[in-house]
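Chains as they are written, first to last, in the working numbering: chain A, 1 to 438; chain B, 1 to 249; chain C, 1 to 482.
Some clues are possibly wrong.
Okay, the calculated beta carbon distance ranges per label pair [as the list claims (entries may be wrong)]:
| hint | chain 1 | residue 1 | chain 2 | residue 2 | range |
| --- | --- | --- | --- | --- | --- |
| 1 | A | Arg320 | C | Trp72 | 39 to 49 Å |
| 2 | B | Arg135 | A | Asp380 | 30 to 40 Å |
| 3 | A | Asp27 | C | Glu421 | 42 to 52 Å |
| 4 | C | Asp430 | B | Asp214 | 54 to 64 Å |
| 5 | A | Ile85 | B | Lys246 | 51 to 61 Å |
| 6 | C | Ser381 | B | Lys123 | 41 to 51 Å |
| 7 | B | Asn36 | C | Glu421 | 32 to 42 Å |
| 8 | B | Lys123 | C | Glu421 | 34 to 44 Å |
| 9 | B | Glu113 | C | Gly281 | 32 to 42 Å |
| 10 | B | Glu235 | C | Glu421 | 48 to 58 Å |
| 11 | C | Ala42 | A | Ser56 | 49 to 59 Å |
| 12 | C | Gly281 | A | Lys122 | 33 to 43 Å |
| 13 | C | Glu421 | A | Asp380 | 10 to 20 Å |
Lysine-lysine pairs mimicking DSS-like chemistry, simulated, CA-CA at most 27 Å apart [what the hints assert, rightly or not]:
| hint | chain 1 | residue 1 | chain 2 | residue 2 |
| --- | --- | --- | --- | --- |
| 14 | C | Lys322 | B | Lys100 |
| 15 | A | Lys50 | C | Lys471 |
| 16 | A | Lys328 | C | Lys322 |
| 17 | A | Lys395 | C | Lys412 |
| 18 | A | Lys328 | C | Lys62 |
| 19 | C | Lys149 | C | Lys203 |
| 20 | C | Lys455 | B | Lys136 |
| 21 | B | Lys118 | C | Lys471 |
| 22 | C | Lys66 | A | Lys136 |
| 23 | B | Lys100 | C | Lys353 |
| 24 | A | Lys44 | C | Lys79 |
| 25 | C | Lys412 | A | Lys50 |
| 26 | C | Lys203 | A | Lys45 |
| 27 | A | Lys45 | C | Lys62 |
| 28 | C | Lys471 | B | Lys110 |
| 29 | B | Lys245 | B | Lys234 |
| 30 | C | Lys426 | A | Lys337 |
| 31 | A | Lys96 | A | Lys79 |
| 32 | A | Lys337 | B | Lys14 |
| 33 | C | Lys412 | A | Lys44 |
| 34 | A | Lys333 | C | Lys322 |
| 35 | A | Lys328 | C | Lys471 |
| 36 | B | Lys165 | B | Lys123 |
| 37 | C | Lys322 | A | Lys352 |
| 38 | C | Lys162 | A | Lys333 |
Bear in mind the hints are in silico, worked out from the structure with no lab data behind them.
By construction, the Cβ of each residue, glycine as well, lies at the ideal position given by its N, Cα and C atoms.
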Amino acid sequence: METLKDKILSSYVAFENNMNINSAVHDIRSKALENFEKLGFPTKKLEAWKYTSLNSLLKNDYSLFPDRGRSIELADVKKYFIHDIDTYKVVFIDGKYSSFLSETTHDNFDVCLMSSALTKPKYKAIIENYFNKAAKQDNLTSLNTAFASEGAYIYIPKNIEVQKPIQIINFTTGSEAATMIQPRNLIVVEDNAHVQIIERHQSLTTNEVLSNVVTEVFAARNATIDYYKIQNDELNASLVDNTYIKQETNSEVAVHTFSFGGNITRNNLNFFQNGEHINSILKGITIIEGKQHVDHHTLVHHIEPNCESHQDYKGIFNERSTGVFNGKVVVEKEAQKTNAYQQNNNVLISDKATINAKPQLEIFADDVRCSHGCTIGQLDDDALFYMQQRGISEKQGRGLLMFAFANTVLESVRIPEVKSRITKLIANKLNVNIGFEV
Amino acid sequence: MLKIQNLHAEIEEKAILKGLNLSVNAGEVHAIMGPNGAGKSTLANIIAGKEEYEVTQGSIELNNEDLNELAPEERAHAGVFLSFQYPVEIPGVSVTNFIKTAINETRKAKGLEDMPAKDMLKKIREKSELLEIDRKFLSRSLNEGFSGGEKKRNEIFQMAMLEPKLAILDETDSGLDIDALKVVANGVNKLKSKDNAVILITHYQRLLDYIVPDYVHVLHDGKIVKTGDASLAKELEAKGYDWIKKELV
Amino acid sequence: MSKYTEDDLKEELKTKEYEYGFYTAIESEKFAKGLNEDVVRAISKKKNEPEWMTEWRLEAFKIWSKMEEPEWANVKYPKPNFQDIAYYSAPKKKPKLNSLDEVDPELLATFERLGISLEEQKKLANVAVDVVMDSVSVATTFKETLAEKGIIFMPISEAIEKHPDLVKKYIGSVVPPSDNFYAALNSAVFSDGSFCYIPKGVKCPMELSTYFRINEGGTGQFERTLVVADESSYVSYLEGCTAPQRDENQLHAAVVELIALDDAEIKYSTVQNWFPGNAEGKGGVFNFVTKRGLCETNAKISWTQVETGSAVTWKYPSCILKGNYSVGEFYSIAVTNNFQQADTGTKMIHLGKNTKSTIISKGISAGQSQNSYRGLVQVNSRAENSRNFSQCDSLLMGNACGAHTFPYIESKNKSAQIEHEATTSKIGEDQLFYCNQRGIDTEKAIALIVNGFSKEVLNKLPMEFAVEAQKLLEISLEGSVG
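For reference, chain A alone in the conformation it holds in the complex (with noise of 0.2 Å):
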């Protein structure tokens, strides 16, 4: 039989048809493919899958380049956008562009396609200088990248800041019974820039879906980036999601993670600090319940000195779900005065649910303060009681408690409508009356 590497590899052929094959760009798409096909999918051999297996979704037979299925209409996606502010769009149907969905602009800064970034003279320079650069050669960076022709391309020179958020949608339609995409990302932002942005998957039917993203993200001196990912994608979809941050002297980035839908969810986010001064800030919310997997694997890996980094991952798994959370921490011998620090805790309501932690912190240089800390527990019974005697339900006590839990993370949340959907979302999954906006 057919493996879907094999499939993967066979189809470059017809992938490349559609390319122009004689670019600097193209070079390094066929290198990524030879290491693909070197590497393969990752197996649970490997120390940073082993807790996330993908054996069950790599035996579907995925389309590889969907056609453009049923178009679309605004009324039934309306409700996956944060629509009661204005914001870009950049939207994508089945891992192609969609004009009708999108808002674009070229005023003052770039917020538009990869396809355009990768073959316009225009765009030559930047392309040039950053396509690539900051991504690991693993696995299924790899592979994304052998086919990256598509995606966001957002580009904000010195000392601009961008007045609206910016929307990155991927919409898959089930056009196919299974629809494999490789969405792939570039930020840019330069000098003394500032942006703002929400990045979204969402499949519109039950059929399995495989995306394999990968977003890399530039931070020049003084600029600051605010990006909001949130995952709640029906649950026969799938997600890895690789996200590469370079940052220099004095930028700031935080990048929050919303991890409520899905199947199998990979996180992959990387930061590399190279420049002195820089914070990197790591949220994430996990609440899971069914068969549900998600896995945050995070990276911040400290060059030079001075720098900051703060990490902070609440996790609540029920019935059957697993949580991984891998935070790794590398503080070289050259970045004194480090200050990082690292905050996993987890909630299991289930008997049957897992959650596999590994906080892990790796530091050459002396003048340094790291911690991490890492908790799996229950709710607080006392609190419950607490909470009883005043007349609140079981069943609403033990909701207002994980809601309270998790609601920590939101407080660093710089969109007030991304911070009322998100709590809206929470409240809903853990079926907690909220009672009023917050």
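Let chain A serve as the given structure and place chains B and C on it in line with the hints.
Chains B and C alone, transformed into the frame defined by chain A:
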């Protein structure tokens, strides 16, 4: 006992002391007062030998011995004690173990045997009573989780144990409530003798109500600009430091 | 109280090199190098072992031949050539001794130099000692006192002969030969070690102790320790290790199995000071050890270790908390200096209900060394109300070393509570100045601060071991701050 002549010192090439002169005899209590940033704590740290400060000119002598040449622990062995403004925490090292080590290291430097355990315990008992220190406190890790008052009391306890010739108390009154201040002052007064000397570094006059100084010096811009008796402190309290600054112009 | 004084310490500090690096000129009988079935048979035959033991070894050898050396630990070293090691080295004048008087005086002198002379221990600490030099037990003291209580404490080779049922029942029951590469190798070629059995309800009246020493060049040491504490019994077991200074790397691959039956308690303490290699990173012992204990209902196993030696350490004393209400503890200090590498930690496997484990790990890295904590806390789905608390603290000295923590936490039970904390710090300039100001010089101040840092673990050691451990900490960190 202590003789400082024309002392110039800097940190990271910034001059802090600019020609300071000070002479302290045995049996005397000197208070050094001055506005924030005058160089009071710098002076204390330089006498104790903190490395970050560079002495660029002048001399510090203790009983005719040049301190500038000595490592901090050698100065301690010579009888210099600094009660720190912010005493550090050393986790896992008990107060007793720490002071025992300090005493025996000092004895070793003088070619003496370790103090017998019996004598050590007796001394610890005496001095802890003097400073109204709970015995349980002595088995706690050094300064770890101590309140501000406990830290300062612990400093004075160590001073009592080490019996220095010259004790420099750097802002020992800060962070103390009135009761703790009395206990600390009472301890210092009892330890005072004709053979030792005390330098009090303070911003306020409050402490000087309980430990009466023989001399009061005003430190301003790296120099001692005025010297008087205890009444000078009162005058400063009433008029503020601006008065001195104006007088200088 | 101990007799160890400041002056002793001063003396100690004068010698910068590995002070136990001497070579006892006792004649050895050494097997030719290399490993095959015949060598395994020969080892077994040499020791007059029964058929079942020979078969057990051969089976282990078969398993080992198919295994590959593990690569996952955070250590780098030239792989030992397993065909280039002599698998048996016994002192030739194989003494059969009943009292210390009969022990080779040269050997006694050796132990005196180690500061743990048998005489001393016997008199002061009431310790029964089994000495494993190279691979063979030389003397077990205090045999009669123990025999009165029904306690069996003897070389494992002797136990195989005298108590075959006990050995057969328990050997390999906690660490099966197939467990890992080194455990398999050990099972095939182990030459000696200690066996200890505490009968039901007996509290062992003294600390039992084994002292290991690799003496002969080019030999591997593969000792096997088996401790069985029957129901409601108690034993405290000490293990000390040294090796002489040699240029080539020596291999040490031991297996320790502990079995604590219902309501029993075993306390196992190790002070490991194998030769760490010289300041340039040459030589030193490769220490690849498998240590594991099994707790039945309400039983408790406590591992305490002070690891200052070895060029490469690979060691995870573990507890399988099988019985309900059983308790596992792991207290560890690992010091690395110069070019040492240590990858050490523990595994706490919670199977029974209401099981509890505590992990306190203190890593101190200096020089150009790499110090890793690797641990696993696993709570299985039936382990209701299990508790774990882990704390891993690292202290870095200088800027050429590394500290790493790799804790794996796996929970499948909702009522389990697991807490893990880790911190990394250094000795502050302000701490040193504070000590200096009170008359304590920098070297002494570092020793004081390191001891403070390690205190929670040092406190768990029996008194006479704690003193030695403190001394070792100071010696191994000597000259680490310039």
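For each hint, the structure was consulted:
no. : hint                            : result
1   : A/Arg320 x C/Trp72: 39 to 49 Å  : 29 Å, violated
2   : B/Arg135 x A/Asp380: 30 to 40 Å : 37 Å, holds
3   : A/Asp27 x C/Glu421: 42 to 52 Å  : 48 Å, holds
4   : C/Asp430 x B/Asp214: 54 to 64 Å : 32 Å, violated
5   : A/Ile85 x B/Lys246: 51 to 61 Å  : 59 Å, holds
6   : C/Ser381 x B/Lys123: 41 to 51 Å : 59 Å, violated
7   : B/Asn36 x C/Glu421: 32 to 42 Å  : 38 Å, holds
8   : B/Lys123 x C/Glu421: 34 to 44 Å : 38 Å, holds
9   : B/Glu113 x C/Gly281: 32 to 42 Å : 40 Å, holds
10  : B/Glu235 x C/Glu421: 48 to 58 Å : 54 Å, holds
11  : C/Ala42 x A/Ser56: 49 to 59 Å   : 51 Å, holds
12  : C/Gly281 x A/Lys122: 33 to 43 Å : 55 Å, violated
13  : C/Glu421 x A/Asp380: 10 to 20 Å : 19 Å, holds
14  : C/Lys322 x B/Lys100             : 46 Å, violated
15  : A/Lys50 x C/Lys471              : 41 Å, violated
16  : A/Lys328 x C/Lys322             : 32 Å, violated
17  : A/Lys395 x C/Lys412             : 22 Å, holds
18  : A/Lys328 x C/Lys62              : 39 Å, violated
19  : C/Lys149 x C/Lys203             : 9 Å, holds
20  : C/Lys455 x B/Lys136             : 18 Å, holds
21  : B/Lys118 x C/Lys471             : 24 Å, holds
22  : C/Lys66 x A/Lys136              : 35 Å, violated
23  : B/Lys100 x C/Lys353             : 47 Å, violated
24  : A/Lys44 x C/Lys79               : 26 Å, holds
25  : C/Lys412 x A/Lys50              : 16 Å, holds
26  : C/Lys203 x A/Lys45              : 46 Å, violated
27  : A/Lys45 x C/Lys62               : 24 Å, holds
28  : C/Lys471 x B/Lys110             : 24 Å, holds
29  : B/Lys245 x B/Lys234             : 17 Å, holds
30  : C/Lys426 x A/Lys337             : 11 Å, holds
31  : A/Lys96 x A/Lys79               : 20 Å, holds
32  : A/Lys337 x B/Lys14              : 23 Å, holds
33  : C/Lys412 x A/Lys44              : 19 Å, holds
34  : A/Lys333 x C/Lys322             : 43 Å, violated
35  : A/Lys328 x C/Lys471             : 35 Å, violated
36  : B/Lys165 x B/Lys123             : 18 Å, holds
37  : C/Lys322 x A/Lys352             : 20 Å, holds
38  : C/Lys162 x A/Lys333             : 57 Å, violated
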